[in-house]
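Novice: The residues making up each chain are set out below.
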Amino acid sequence: MSTSHAMVMLRRNFTHITRNPTSVFNAVLMPIVIMLMFVYMFGDAFSVGVDYIDYATPGLMLLAVCYGLGATATAVNSDMTKGIINRFKVMHVSRGAVLTGHVVATVLTNLVAIAALIAVAFLLGFDPSASLLDWLGVLGIIVLLGFAAAWLTVALGLAAKSVETAGLAAVPLVMLPFFSSAIVPADKMGPGLREFAEYQPFTPIIETLRGLLNSTPSTTDTIIAVAWCTAIALVGYLWARATFNKRA
Amino acid sequence: MTTSVIEVSGLRKAFGDRVVLDGVDLRVEAGTIFSLLGPNGAGKTTTVNVLTTLVRADGGSVRVAGHDVATEARAVRSVIGVTGQFAAVDELLTGRENLQLMVDLGRVPARDGKRVVAELLERFELTESAGKPASTYSGGMRRKLDLAMTLVGNPRIIFLDEPTTGLDPRSRRTMWSIIRDLVADGVSVFLTTQYLEEADQLAHRVAVLDQGRLVAQGTPDELKRQIPGTHVRLRLATAADLDAAGRIFPDAARDEEALTVRVPSDGGTASLRALLDRLDEYHLRAEEFSVHTPDLDDVFLALTGRTTEVTAK
Chain A
1475 MSTSHAMVML RRNFTHITRN PTSVFNAVLM PIVIMLMFVY MFGDAFSVGV DYIDYATPGL
1535 MLLAVCYGLG ATATAVNSDM TKGIINRFKV MHVSRGAVLT GHVVATVLTN LVAIAALIAV
1595 AFLLGFDPSA SLLDWLGVLG IIVLLGFAAA WLTVALGLAA KSVETAGLAA VPLVMLPFFS
1655 SAIVPADKMG PGLREFAEYQ PFTPIIETLR GLLNSTPSTT DTIIAVAWCT AIALVGYLWA
1715 RATFNKRA
Chain B
3 MTTSVIEVSG LRKAFGDRVV LDGVDLRVEA GTIFSLLGPN GAGKTTTVNV LTTLVRADGG
63 SVRVAGHDVA TEARAVRSVI GVTGQFAAVD ELLTGRENLQ LMVDLGRVPA RDGKRVVAEL
123 LERFELTESA GKPASTYSGG MRRKLDLAMT LVGNPRIIFL DEPTTGLDPR SRRTMWSIIR
183 DLVADGVSVF LTTQYLEEAD QLAHRVAVLD QGRLVAQGTP DELKRQIPGT HVRLRLATAA
243 DLDAAGRIFP DAARDEEALT VRVPSDGGTA SLRALLDRLD EYHLRAEEFS VHTPDLDDVF
303 LALTGRTTEV TAK
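Chains as they are written, first to last, in our numbering: chain A, 1475 to 1722; chain B, 3 to 315.
I should point out that these hints are in silico values taken from the structure, not numbers from a laboratory.
This structure is a prediction, so every number in the text was calculated from the model and none was measured.
For glycine and all other residues, C-beta sits at the position ideal for the given N, C-alpha and C.
Warning: the hint list may mix true and false statements.
[Unchecked claim] Which stretches of chain B does chain A cover? Using the computed rule of at least three CB atoms under 8 Å from a CB of chain A, they are:
1) 47-59
2) 84-94
3) 97-104
[Claimed, not checked] Far from chain A, some chain B residues (derived; all Cβ distances over 10 Å):
4) Asp27
5) Arg79
6) Leu123
7) Glu124
8) Asn156
9) Arg174
10) Glu258
11) Leu303
Let's have the full structure, built from the sequences with the hints guiding it.
Specialist: Encoded structure:
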């Protein structure tokens, strides 16, 4: 019963994506535009010790995950504020089905965006030395991060008063990658920002991806990255569950 | 013999310090329309949310179809249909897909799904627009689609939270006739409204909710009996005319500001002619003349000392 409800919800979310392609367009295209911008315009100005495209791609993958989140937050909020979630609740559709539909749709959109991004990166000369196993690790981290970010975004979307504030609530998540080691190494940043960049969750995640793609995975980074993702996912899930049950 | 499908006693609900429902008792008989009437902010939607298992009450007992909403939410949900205050349709899906969504969520066996969807589209005159996304629908069509979605699976108790708010008069009448048809099929309807005329038109029983308390309950006729009867309203041109009218109709109520008098009357032609003759006799002319039968607006004014117009948007 509950799994079939989840499938119905997921199908609904996919129909939404096909009906409203601009949101996906944003999620897929924006990271590529940013990649072109940084690699062609600024890339030569940064000296990062390696080819800039090789340095930037892992961070841009993370950025691609975040760009998809605005659409999720607004979609969840519009379900909530327009009364559709109440309709589902009264029909005894579980929160699992409703919210998981959004989370899974978000993760799958992420994967599409990242596949497109990596394809463009290869065209620009991206040359990772990752083995098949490393690539699987990359996929695992991306899915885990996507899952965590999606649950947090679903919670933000549920808690927001209106569709506009929901869109705004996801902005910090979109901005966070810029203040990490995604674009430039943290040790090149000014004081204050450097410490922030070093300790914020996205930096270890990016360093993990970087390590995997260079075939030099760092165990410490990986453990910290996985711990951050698990914590974010858990907080997001519990918050989303509480808001879903409370708000009518 | 009548059986109650909804029994509420001592219902209380507060959000923080704000008491929204302060001891509500009501009972809805099977196969009838019960209307909860009140201005915005009276607590109507909260009542619906509690009765439909969306919000937990702080106190009191609520039974719907014999099931306790707090402990047997699942059983309650299986027999009710709810149309909320805002048309809860999926705007990106077409009308048909919206209905199919309800079918897929297990309200009807899958093999009957197509037939049920087609019948509902037909019944609500949505067949032509069935293939268009709901975002292109007018307000009236959205409400109809919303109600059609609620009806998938034939719920026996239906909650309608302000089903006609924001609709034009024509769509409102269509909605009314749909609601009457439902009851003709034996469905029980719990309806909230801020329109007194709507309660008057539809409901078998009306309860007036004001600031979280029921201030009156009864049939529309019983409620009307609680206030002054039929009267003739005369608007005079000047204050002097008003004084004169006051002298020739000593039992009339005067409103100095509006320059009107309310003369008790049975509204029949004989008494109206007598009244007009009396005006002629004293060479008085009324600027405006109207026969006023009490409506629920008067009830509300009499019960709470306020009109609904002030609080209604």
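Novice: Per the coverage rule (Cβ-Cβ under 8 Å, at least three residues), is the stretch 47-59 of chain B covered by chain A?
Specialist: It holds: at least three residues are needed, and the stretch 47-59 of chain B offers 5 whose Cβ sits within less than 8 Å of chain A.
Novice: Take a quick look at glutamate 258 of chain B and tell me if its Cβ sits farther than 10 Å from every Cβ on chain A, holds or violated.
Specialist: The claim holds: glutamate 258 of chain B sits with its nearest Cβ about 46 Å from chain A, beyond 10 Å.
Novice: Just checking, glutamate 124 of chain B versus chain A, shortest CB gap more than 10 Å?
Specialist: Given that every Cβ of chain A is farther than 10 Å from that of glutamate 124 of chain B, nearest at about 22 Å, it holds.
Novice: Quick one: see if chain A covers the stretch 84-94 of chain B, three-plus residues with Cβ-Cβ under 8 Å.
Specialist: holds (count 10)
Novice: Decide, holds or violated, for the assertion that all CB atoms of chain A are farther than 10 Å from the CB of arginine 79 of chain B.
Specialist: violated (5 Å)
Novice: Is the nearest Cβ of chain A still more than 10 Å from the Cβ of arginine 174 of chain B?
Specialist: Consistent with the label, arginine 174 of chain B stays out of reach of chain A, its closest Cβ about 20 Å off (over 10 Å).
Novice: Looking at aspartate 27 of chain B again, its CB stays over 10 Å from all of chain A?
Specialist: holds (22 Å)
Novice: If I take the minimum Cβ distance from leucine 303 of chain B to any residue of chain A, is it greater than 10 Å?
Specialist: holds (32 Å)
Novice: Mind taking a look at whether chain A covers the stretch 97-104 of chain B? Criterion is 3 or more residues with CB to CB distance under 8 Å.
Specialist: holds (count 3)
Novice: Once the closest CB in chain A is found, is it more than 10 Å from leucine 123 of chain B?
Specialist: For leucine 123 of chain B, whose nearest Cβ neighbour in chain A is about 18 Å away, the distance exceeds 10 Å, so it holds.
Novice: Would you say asparagine 156 of chain B is clear of chain A, with no C-beta pair closer than or equal to 10 Å?
Specialist: holds (13 Å)
When each numbered hint is compared with the structure, a violation occurs for hint 5 only.
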